[in-house]
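Using the sequences and the hints given, assemble the complete structure.
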Amino acid sequence: MTHYDIHSIRADFPILKTKVNGYPLVYLDNGATTQKPQSVINAITDYYTQINSNVHRGVHHLSQLATDAYEVTRRKLSEFINAAQDYEVILTNGTTHSINLVAHCYGKQFVKEGDEIIISAMEHHSNIVPWQMLCEEQGAKLRVVPINDEGELDMGAYHAMLNERVKLVSITYVSNTLGTLNPIKEITKLAHDHGIPVLVDGAQAIQHLHVDVQALDVDFFAFSGHKMYGPTGVGVLYGKEKWLDQMPPYQGGGDMIKEVRFEKTIYNELPFKFEAGTPNIEAGICLGAAVDYIKTIGLSQIALYETELLKYATKALSEIDQIRFIGTAKEKSSVISFLVNGAHPYDVGVILDKLGIAVRTGHHCTQPLMERFGIPGTVRASIAMYNTKEEIDLLVSAVKRAASMLL
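Sequential numbering from 70 applies to the sequence shown in my numbering.
When the alpha-carbon atoms are kept at most 20 Å apart in a straight line, the in silico SDA-like pairs for lysine to any residue are as follows:
| # | residue 1 | residue 2 |
| --- | --- | --- |
| 1 | K380 | D462 |
| 2 | K399 | H279 |
| 3 | K254 | Q283 |
Ranges between beta-carbon positions, derived for each pair:
| # | residue 1 | residue 2 | range |
| --- | --- | --- | --- |
| 4 | V329 | Y73 | 49 to 55 Å |
| 5 | R330 | P445 | 52 to 58 Å |
| 6 | M224 | H129 | 52 to 58 Å |
| 7 | T383 | I75 | 17 to 23 Å |
| 8 | D314 | V89 | 45 to 51 Å |
| 9 | M474 | Y381 | 24 to 30 Å |
If you're looking for bench data, these hints aren't it; they were derived computationally from the structure. For each residue, glycine too, the CB sits at the ideal point set by N, CA and C.
Now the structure itself:
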């Protein structure tokens, strides 16, 4: 890690200079959203001061500049995840929008009464509720892959669930609560052996791991811009061309049409078929700046640094007697969830905030997972490329202080 200049990286994020209650901000809520580098902030300002215009809809100078910039981002994202074609990258509002798009468009086309959808016990609500809604509407059944006490998928149970009734597997790459890194390549191969497509929720993976959708061979891959140092309100749905071509549009309106008559409408080609209406142009363009920033640092370097930091944090927190970890999988990324025995997570979080430390408390939009472990919630510390060992030391000290006050 001799080439990883953490001080230079931190200098790129202005908000990290903030003080909270008189203490330097220690931001460990990156699983909820990441902070933004100055280059992304500048890109937002540049858009509104230099090229603000609607896209795909004008021949005038500003419209052409905005359209070009928007489509450059699509190409950058396609390269970033190694999509086979740029038009396999659909720009959405975020991961939730992307999953709902597949549930609606793929589900209505291919899922019938008596069919099955497979998810796992560690899914975020956005990868549970859309499938529940689809199953209720279509008369299908939702099946759930169990996990062990360490927070790892029961792969034997998963394999046994695969049959001719299953029409889709939808699984998270990295659990937002447990940090478990799932074996997506193996999960996908087993599903494909039965002719079943796979959707991957990559919201907690895209900023930490090198994602190659062709190497993984996934059929759909969803992620959000704000989890990868970009703006809120923009995300991506990658889909293999063969599936996107067969799926009907998600919404009707401008941009998703080629020709409209009262008698019949002819839909636009990919990717525009799934991008009805005026998009979040500013966020779409500026997500390209976030991709540029990540590539400048290097995902391989980021992954190495964050892995080292996660190990350091886990070891340091484990030395606190009252700590109970939730999620101890062998393969993990970026997230530590824990309880201070005898204390409610909310109370711990409030004390940490008074000391300038931002963590997330609660069920983390994974209520079924909390039920699996018999707990109301956890304290979650989630790391990013700009966090440091010194910040982990402050977290550990603060948790000790909270334990002494609450127990």
